[in-house]
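Participant: Here are the chains, one letter per residue:
2 protein chains.
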Amino acid sequence: MSIIGKNYIGFSQSADNAKTFQSYVPVSDSHLSEEFHPATPEEVQRTMQLAEKAFDEYAALPAAKRADFLVAITEEIMAMGDELLERAHQETGLPMGRLQGERGRTVGQLTQFADLIREGSWVEARVDTAQPDRQPAPKPDLRKMLVPIGPIVVFGSSNFPFAYSIAGVDTGPALAAGNPVILKAHPAHPGVSDLTAQAIVKAAKRTGMPDGVFSMLYDDGYEVGTALVQHPHTKAVGFTGSLKGGMALYKMAQERDEPIPVFAEMGSVNPVVILPDTLTAQTDSLAKTLAGSVTLGAGQFCTNPGLVFTVESPALKEFEEKYAEEVGKVTSMTMLTEGIRQNYFKLRDAALAEPEVETLVLSDEKVEGENQSQASIARVSGKAFMDNPNLHEEVFGPFSLLVVCKDMEELQAALWHISGQLTASLMADADEAARYPQLLRLLSRRAGRFIMNGVPTGVEVCPAQHHGGPFPSTTDSRFTSVGRDAILRFVRPQSFQDWPDSLLPDELKNANPMGIWRLVNNEQTKEAI
Amino acid sequence: MSIIGKNYIGFSQSADNAKTFQSYVPVSDSHLSEEFHPATPEEVQRTMQLAEKAFDEYAALPAAKRADFLVAITEEIMAMGDELLERAHQETGLPMGRLQGERGRTVGQLTQFADLIREGSWVEARVDTAQPDRQPAPKPDLRKMLVPIGPIVVFGSSNFPFAYSIAGVDTGPALAAGNPVILKAHPAHPGVSDLTAQAIVKAAKRTGMPDGVFSMLYDDGYEVGTALVQHPHTKAVGFTGSLKGGMALYKMAQERDEPIPVFAEMGSVNPVVILPDTLTAQTDSLAKTLAGSVTLGAGQFCTNPGLVFTVESPALKEFEEKYAEEVGKVTSMTMLTEGIRQNYFKLRDAALAEPEVETLVLSDEKVEGENQSQASIARVSGKAFMDNPNLHEEVFGPFSLLVVCKDMEELQAALWHISGQLTASLMADADEAARYPQLLRLLSRRAGRFIMNGVPTGVEVCPAQHHGGPFPSTTDSRFTSVGRDAILRFVRPQSFQDWPDSLLPDELKNANPMGIWRLVNNEQTKEAI
Numbered sequence: 310m311s312i313i314g315k316n317y318i319g320f321s322q323s324a325d326n327a328k329t330f331q332s333y334v335p336v337s338d339s340h341l342s343e344e345f346h347p348a349t350p351e352e353v354q355r356t357m358q359l360a361e362k363a364f365d366e367y368a369a370l371p372a373a374k375r376a377d378f379l380v381a382i383t384e385e386i387m388a389m390g391d392e393l394l395e396r397a398h399q400e401t402g403l404p405m406g407r408l409q410g411e412r413g414r415t416v417g418q419l420t421q422f423a424d425l426i427r428e429g430s431w432v433e434a435r436v437d438t439a440q441p442d443r444q445p446a447p448k449p450d451l452r453k454m455l456v457p458i459g460p461i462v463v464f465g466s467s468n469f470p471f472a473y474s475i476a477g478v479d480t481g482p483a484l485a486a487g488n489p490v491i492l493k494a495h496p497a498h499p500g501v502s503d504l505t506a507q508a509i510v511k512a513a514k515r516t517g518m519p520d521g522v523f524s525m526l527y528d529d530g531y532e533v534g535t536a537l538v539q540h541p542h543t544k545a546v547g548f549t550g551s552l553k554g555g556m557a558l559y560k561m562a563q564e565r566d567e568p569i570p571v572f573a574e575m576g577s578v579n580p581v582v583i584l585p586d587t588l589t590a591q592t593d594s595l596a597k598t599l600a601g602s603v604t605l606g607a608g609q610f611c612t613n614p615g616l617v618f619t620v621e622s623p624a625l626k627e628f629e630e631k632y633a634e635e636v637g638k639v640t641s642m643t644m645l646t647e648g649i650r651q652n653y654f655k656l657r658d659a660a661l662a663e664p665e666v667e668t669l670v671l672s673d674e675k676v677e678g679e680n681q682s683q684a685s686i687a688r689v690s691g692k693a694f695m696d697n698p699n700l701h702e703e704v705f706g707p708f709s710l711l712v713v714c715k716d717m718e719e720l721q722a723a724l725w726h727i728s729g730q731l732t733a734s735l736m737a738d739a740d741e742a743a744r745y746p747q748l749l750r751l752l753s754r755r756a757g758r759f760i761m762n763g764v765p766t767g768v769e770v771c772p773a774q775h776h777g778g779p780f781p782s783t784t785d786s787r788f789t790s791v792g793r794d795a796i797l798r799f800v801r802p803q804s805f806q807d808w809p810d811s812l813l814p815d816e817l818k819n820a821n822p823m824g825i826w827r828l829v830n831n832e833q834t835k836e837a838i
Numbered sequence: 310m311s312i313i314g315k316n317y318i319g320f321s322q323s324a325d326n327a328k329t330f331q332s333y334v335p336v337s338d339s340h341l342s343e344e345f346h347p348a349t350p351e352e353v354q355r356t357m358q359l360a361e362k363a364f365d366e367y368a369a370l371p372a373a374k375r376a377d378f379l380v381a382i383t384e385e386i387m388a389m390g391d392e393l394l395e396r397a398h399q400e401t402g403l404p405m406g407r408l409q410g411e412r413g414r415t416v417g418q419l420t421q422f423a424d425l426i427r428e429g430s431w432v433e434a435r436v437d438t439a440q441p442d443r444q445p446a447p448k449p450d451l452r453k454m455l456v457p458i459g460p461i462v463v464f465g466s467s468n469f470p471f472a473y474s475i476a477g478v479d480t481g482p483a484l485a486a487g488n489p490v491i492l493k494a495h496p497a498h499p500g501v502s503d504l505t506a507q508a509i510v511k512a513a514k515r516t517g518m519p520d521g522v523f524s525m526l527y528d529d530g531y532e533v534g535t536a537l538v539q540h541p542h543t544k545a546v547g548f549t550g551s552l553k554g555g556m557a558l559y560k561m562a563q564e565r566d567e568p569i570p571v572f573a574e575m576g577s578v579n580p581v582v583i584l585p586d587t588l589t590a591q592t593d594s595l596a597k598t599l600a601g602s603v604t605l606g607a608g609q610f611c612t613n614p615g616l617v618f619t620v621e622s623p624a625l626k627e628f629e630e631k632y633a634e635e636v637g638k639v640t641s642m643t644m645l646t647e648g649i650r651q652n653y654f655k656l657r658d659a660a661l662a663e664p665e666v667e668t669l670v671l672s673d674e675k676v677e678g679e680n681q682s683q684a685s686i687a688r689v690s691g692k693a694f695m696d697n698p699n700l701h702e703e704v705f706g707p708f709s710l711l712v713v714c715k716d717m718e719e720l721q722a723a724l725w726h727i728s729g730q731l732t733a734s735l736m737a738d739a740d741e742a743a744r745y746p747q748l749l750r751l752l753s754r755r756a757g758r759f760i761m762n763g764v765p766t767g768v769e770v771c772p773a774q775h776h777g778g779p780f781p782s783t784t785d786s787r788f789t790s791v792g793r794d795a796i797l798r799f800v801r802p803q804s805f806q807d808w809p810d811s812l813l814p815d816e817l818k819n820a821n822p823m824g825i826w827r828l829v830n831n832e833q834t835k836e837a838i
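As given, the protein sequences belong to chains A and B, one line each in that order. Numbered per our numbering, the first sequence spans residues 310 to 838. Numbered per our numbering, the second sequence spans residues 310 to 838.
Worth flagging that the hints you see were computed from the coordinates, not collected in a lab. Just to be clear, a hint being listed does not mean it is correct.
Where chains are identical, the list cannot tell them apart; a pair therefore holds if satisfied intra-copy or between any two copies.
Stated by the list, open to error - Straight line, CA to CA, 27 Å or less: simulated DSS-like cross-link-like pairs of lysine-lysine:
| # | residue 1 | residue 2 |
| --- | --- | --- |
| 1 | Lys-835 | Lys-328 |
| 2 | Lys-715 | Lys-362 |
| 3 | Lys-374 | Lys-362 |
| 4 | Lys-692 | Lys-626 |
| 5 | Lys-835 | Lys-818 |
| 6 | Lys-692 | Lys-818 |
Go ahead and model the full structure; you've got the sequences and the hints to work with.
Facilitator: Encoded structure:
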């Protein structure tokens with residue numbers, strides 16, 4: 310397949326805008342030849358009208374048909390083979406192995422959602438049968454299930470060209486639930502976005518989906534995203550990126566005549582706390598594990614461990630030396646964009662220049678090419694950390710600050726200065742952890758996922774995953790972007806009172822034709838009524 | 310018990326403010342003698358600090374202890390006997406029978422939440438066990454459940470002195486989930502609020518709850534409510550009232566440094582659509598049923614049917630006459646406050662004065678006393694309705710507008726002008742309803758609860774209830790204020806990765822000591838691991 314560069318408005322292509330932009334290749338600081346056309350306001354309007362029109366038909370399809378569509382997307386993506394991976398590699402600088410893994414995760418996510426909706430119990434069906442003779446008033450028949458809400462706008466993210474972009478963690482569950490999806494492609498990888506959009510359109514046509522179930526628009530500025538979020542047909546927004554970007558969309562959405570939810574994942578410093586006995590027992594392995602996590606993928610993960618807390622202890626010096634040694638030998642990587650690299654060095658240098666911050670190591674193994682990262686770790690005392698809000702913020706990239714507190718009391722005081730996080734990690738065995746119940750509560754209050762003896766990088770895609778923490782790590786800590794519950798962002802419950810069985814959705818019919826789990830008169834059952 | 314009139318800051322009482330206000334008695338347009346002290350900024354601060362302090366201890370209590378507390382509240386409320394009902398009757402003008410029923414519902418709600426948390430499956434536990442040998446990377450052990458979020462601010466509402474006030478639909482689930490609750494008492498019924506707060510404090514002490522698990526503050530203005538919503542310790546807000554009031558709180562909460570959810574139920578016109586064959590078949594009974602629903606409780610319900618849609622048909626004239634006759638003989642009732650009565654007559658008169666609006670009947674049976682309502686219905690054509698946005702808004706009180714469309718096409722066009730609603734009703738048998746799939750979708754999109762052949766008044770408290778519709782009927786259509794799922798407003802999911810079994814919450818332990826339903830490796834089960 311070749312890259313088209315036009316906006317995908319449902320099954321049509323459109324390029325009204327004379328202005329274009331091109332793919333940036335970070336490793337060579339150059340541009341590729343294809344031209345991409347930012348959508349015009351008229352194209353946005355056309356897209357949203359088509360999505361709204363498609364909604365009723367798409368939402369009414371049996372779940373099995375929507376599952377076929379999701380599976381077809383995975384097939385079309387895989388059918389593109391290495392062409393897709395190579396384009397992603399060019400546009401992001403990410404290694405082929407990582408991209409292959411990310412593609413696998415993306416296809417896996419879509420397959421999980423196909424399985425989820427085929428099985429059907431995810432709609433949380435509840436049935437309370439009528440009691441016509443109840444005194445003083447009869448009880449009606451009430452049935453409830455989750456239903457789709459309408460067109461969903463999704464922003465592709467720069468650091469995951471597959472898993473958090475065109476066919477990623479927002480698109481999959483939004484489509485699975487029965488909502489049309491409108492993508493705003495990230496300008497950092499328009500080519501891979503274009504190819505993926507072609508795969509989705511092909512899958513939609515092949516499985517008989519309504520025109521408008523999926524659209525994708527380009528922009529290298531903010532106009533298209535703004536118009537999409539403000540459009541009255543839009544019912545929710547998915548976004549992964551910076552705090553600034555997420556909050557801009559969030560505020561925009563709240564200021565609409567009809568406020569809508571924005572699920573923005575906005576960054577996190579993912580504190581790691583190492584208790585002293587554990588530091589002593591596992592000095593070397595902790596240093597290695599942490600160094601690997603801090604530098605993984607040039608630190609370009611929302612789960613990068615940006616702050617590591619521990620206390621003065623005899624093992625500390627050896628740990629610091631080993632940690633510095635491990636980080637020091639990390640080879641540099643191409644960062645995603647010129648802007649991300651510049652921002653990384655700016656924020657890192659600012660952090661290193663703060664009072665009482667001592668650089669532990671700056672890695673020096675360089676590879677050829679532009680836009681290279683440099684892994685860096687530093688150390689600061691608990692007191693200096695508490696006194697300096699500049700040190701509490703995320704530095705996106707392979708940087709981490711070791712906060713050395715004088716004792717456990719100071720460590721807990723320092724944690725009060727940490728805001729909401731995607732994750733928190735505690736390095737401790739059960740006995741040592743149990744000695745600090747207040748510390749466990751402190752970390753719990755601040756984290757969406759609380760890890761024992763593990764690093765935050767690596768987000769398993771499974772039902773028990775919660776990838777979403779208290780503000781400001783996300784705009785809504787009640788929802789996850791990873792795992793089956795990600796679908797709950799794009800639905801609402803609806804009750805049906807005294808409906809004739811023939812008109813009810815299958816999930817709520819007496820016979821339970823889908824054989825799903827339901828709460829019937831307050832009992833979990835798969836039985837018919 | 311006697312009324313104290315001081316703010317309940319945890320287990321202490323406080324009345325720093327020299328300014329006071331008194332209970333208004335609507336039926337006699339007079340005031341009672343007791344004085345209530347609005348909270349000062351310092352009292353608000355003290356209250357929130359105490360709530361924050363209580364949170365960790367309260368959240369860590371076993372669910373059975375919290376259930377004991379909820380049951381104790383019901384016992385203390387019932388122990389107050391008629392004194393509580395009589396005070397409510399004085400302050401609201403609502404009939405004793407209604408208040409007795411509402412008290413029963415309130416106690417029933419609390420009991421349902423006690424049962425829910427004792428059983429325990431509501432936490433939506435999910436367990437994915439580790440696969441240490443998985444390739445290419447081991448799979449960690451992940452477990453997830455819903456956890457409480459912190460202090461919840463609840464605004465008492467004017468129209469339900471029990472069920473939506475101090476111990477009502479927000480307080481019950483917030484406490485059940487493990488959150489401290491801070492009430493802002495509604496100034497329309499401070500005495501019944503005071504007595505209920507005493508009952509809750511007594512129950513909290515008797516069952517060994519931490520000081521600060523519950524507080525209640527007075528105000529007859531907006532300062533206290535504003536300070537509570539803006540306070541950094543507040544993690545969510547529950548409100549039932551006007552669109553203006555709800556949106557003011559919502560915007561305030563979004564403008565905080567840390568935005569928090571506001572669950573505001575703000576009003577609804579609850580459209581009722583009568584299909585022509587059904588109008589013909591059930592002319593008299595429909596007229597009676599509707600008249601009863603429009604005038605119930607002087608129309609002071611969020612589920613009052615403010616708009617009734619039908620089409621020109623031979624049975625229409627007879628229906629209108631019967632409907633007018635039934636509404637005409639309704640006896641007037643005391644309205645809740647002077648302000649509500651004035652607003653009712655102002656908005657009703659404005660609606661009746663709009664072009665092409667024809668008054669069908671104004672009831673004339675008056676009872677003695679001040680603040681009396683007057684049931685009123687009017688009629689307008691579909692076209693005039695569509696052309697006039699003033700007719701689309703709620704008139705809080707016993708008023709309803711019959712919109713007569715020239716055919717089903719116009720009726721469906723008219724429904725496009727209706728915004729989000731708590732409920733929609735369709736009067737039709739299965740065959741007639743099935744002829745209008747587009748109409749079903751139109752109503753579905755707009756309603757939280759979709760009723761067949763029934764009126765919207767009467768909100769059954771049961772698991773399948775969804776009392777919460779698309780904006781602007783509520784600020785968040787994903788959550789209900791009635792039924793067991795109301796608890797979902799006051800929690801967030803949290804994942805525990807690779808935790809030692811001994812430190813996990815009981816709900817997630819291998820042995821499943823609470824015997825709850827869990828999703829274990831993607832299968833629903835009560836089995837241990």
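Participant: Please go over all the hints and tell whether each is borne out by the structure.
Facilitator: We went through each hint and held it up to the structure:
1. Lys-835 with Lys-328: Neither, since 57 Å and 60 Å both go past 27 Å.
2. Lys-715 with Lys-362: The answer is between: 26 Å across copies meets 27 Å, while 62 Å in one copy does not.
3. Lys-374 with Lys-362: Classified as within; 18 Å inside a copy, 52 Å across copies.
4. Lys-692 with Lys-626: Only inside one copy: Lys-692 and Lys-626 sit 19 Å apart there, 81 Å across copies, limit 27 Å.
5. Lys-835 with Lys-818: both (12 Å within a copy, 26 Å between copies)
6. Lys-692 with Lys-818: neither (62 Å within a copy, 38 Å between copies)
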